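Participant: Sequence:
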Amino acid sequence: ICPGRHFAERTLFLNIARVLHTFNITPALDDRGQPVVIEPRMKNALVSGPVDCRCTIKPRSARAEAIIREVSSDPFEGRP
816 ICPGRHFAER TLFLNIARVL HTFNITPALD DRGQPVVIEP RMKNALVSGP VDCRCTIKPR
876 SARAEAIIRE VSSDPFEGRP
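Numbering (this note's numbering), first residue to last: 816 to 895.
Please note: incorrect hints may appear among the correct ones.
Now the in silico label distances, taken between C-beta atoms and shown as ranges [said to hold, decoys possible]:
no. : residue 1 : residue 2 : range
1   : I816      : G848      : 45 to 53 angstroms
2   : Q849      : E892      : 39 to 47 angstroms
3   : D846      : F822      : 41 to 49 angstroms
No lab work stands behind these hints, which were simulated from the structure alone. None of the values given here were measured: they were computed from a predicted structure. For every residue, glycine included, the Cβ atom is placed at its ideal position computed from N, Cα and C.
Make a model of the complete structure from these sequences and hints.
Facilitator: Written out as structure tokens, the structure reads:
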């Protein structure tokens with residue numbers, strides 16, 4: 816049993832919660848502006864994942880965008 820499993824689970828939960836809180840995640844749009852329908856199929860490999868997972872990811876608001884930019888900036892930028 817991994818001694819860091821609780822830390823890993825909580826970190827993963829917090830990261831997913833932050834993404835869902837700050838972004839709207841919607842289906843990708845085709846050339847006519849219609850949502851692309853995705854067939855839910857998974858890869859059968861050592862590391863599994865969806866075959867196709869196109870989507871549109873946009874900040875929920877101007878405030879959410881400011882938060883995203885703030886936390887994704889380099890904290891040492893502009894320092895000697």
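Participant: When the structure is checked against the list of hints, which entries are broken? Sort them ascending.
Facilitator: The structure breaks none of the hints.
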